[in-house]
Amino acid sequence: MQKSNSIKIPAFDKENYNIWKRKILLFIKAANPLYPGILENGPFIPRKEIEATTVNGEVIPAHWVPKDPSEFSEPEKEKMVLDDHLQLILLDSLTLDKAMCGSVISCTSAKEMWISIDSKITRRQNVASHDSIFTLTATLAEDYATSTLALDSTLCGELILSPKVHSCDNKLCGKSNCLKKDPCSRYLLSQIP
38 MQKSNSIKIP AFDKENYNIW KRKILLFIKA ANPLYPGILE NGPFIPRKEI
88 EATTVNGEVI PAHWVPKDPS EFSEPEKEKM VLDDHLQLIL LDSLTLDKAM
138 CGSVISCTSA KEMWISIDSK ITRRQNVASH DSIFTLTATL AEDYATSTLA
188 LDSTLCGELI LSPKVHSCDN KLCGKSNCLK KDPCSRYLLS QIP
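Here my numbering runs 37 ahead of the position in the sequence shown, where the first position is 1.
To be clear, the hints were calculated from the coordinates, so they are not data collected in a lab. From the three backbone atoms N, C-alpha and C, an ideal C-beta is built for every residue, glycine too. A couple of the hints might just be wrong.
Each computed DSBU-like pair below joins lysine-lysine, with the alpha-carbon atoms no more than 30 Å apart [stated by the list, open to error]:
hint, residue 1, residue 2
1, Lys51, Lys66
2, Lys60, Lys157
3, Lys58, Lys135
4, Lys148, Lys116
5, Lys135, Lys60
6, Lys135, Lys45
7, Lys114, Lys60
Beta-carbon label-pair distances, calculated as ranges [what the hints assert, rightly or not]:
hint, residue 1, residue 2, range
8, Ser110, Pro73, 20 to 30 Å
9, Ala48, Val118, 16 to 26 Å
10, Asn93, Ser156, 45 to 55 Å
Using the sequences plus the hints, can you model the full thing?
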């Protein structure tokens, strides 16, 4: 009879990310000692060696290629599902944070999920600590570029950073949402060299 695991998967907590990260890494390691390697290196892919051959007088050196699924051994099949199990653990930990869960749901490996979670939180922490206006600008631009909103670069000859506001050098601009007319936006714009 197999002993059931009574330890709950640590729920994602972006406010205490470093604590959550430590807890989830310990949970993952305790769940299966192979999981940390999968997070670091990606999923196990069974491979086979193709021996060196000569084709039309040209020597093709030995190389490794992924195996066809019909060639997988039972131990290889078992190792292949480890990444799926690890993805489930990560998704289960994100259940309470729908935005983060939605941002990693299309990832194809646990490693990709882990990198995505870590980069999003690390980027947010950098912005929150006000490291620089450049970090904030880069983060906002990247978030906007990856959003589902379409970019419109025709208004007043400048790139629109948001569908609601824009900035331009056109003194005759009649747009009420022009960044140049808003005092806070003028200050932010003045900080950019």
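- Query: Within 16 to 26 Å or not, the Cβ separation of Ala48 and Val118?
  - Reply: holds, 24 Å
- Query: Has the given pair, Lys148 with Lys116, been kept, meaning a C-alpha gap of at most 30 Å?
  - Reply: holds, 15 Å
- Message: Can you confirm whether the C-alpha distance between Lys135 and Lys60 stays at or below 30 Å?
- Response: holds, 20 Å
- Message: Lys135 and Lys45 were given as a pair; does the straight-line alpha-carbon distance stay at or below 30 Å?
- Response: holds, 19 Å
- Query: Regarding Ser110 and Pro73, is the given constraint of 20 to 30 Å on their beta-carbon distance met?
  - Reply: holds, 24 Å
- Taking 45 to 55 Å as the hint, is the beta-carbon distance of Asn93 and Ser156 inside that range? holds, 47 Å
- Item | Agreement of Lys60 and Lys157 with the hint, judged by alpha carbon distance not exceeding 30 Å | Since the Cα atoms of Lys60 and Lys157 sit roughly 18 Å apart, the hinted pair holds (cutoff 30 Å).
- Message: Checking one constraint from the list: CA of Lys51 to CA of Lys66, max 30 Å. Satisfied?
- Response: holds, 21 Å
- 30 Å limit on alpha-carbon distance, applied to hinted pair Lys114 and Lys60: Measuring from Cα to Cα gives roughly 29 Å; hence the hint holds.
- Assess, step by step, whether the Cα of Lys58 is no farther than 30 Å from the Cα of Lys135, and give holds or violated. holds, 18 Å
Consistency note: the structure conflicts with none of the earlier hints.
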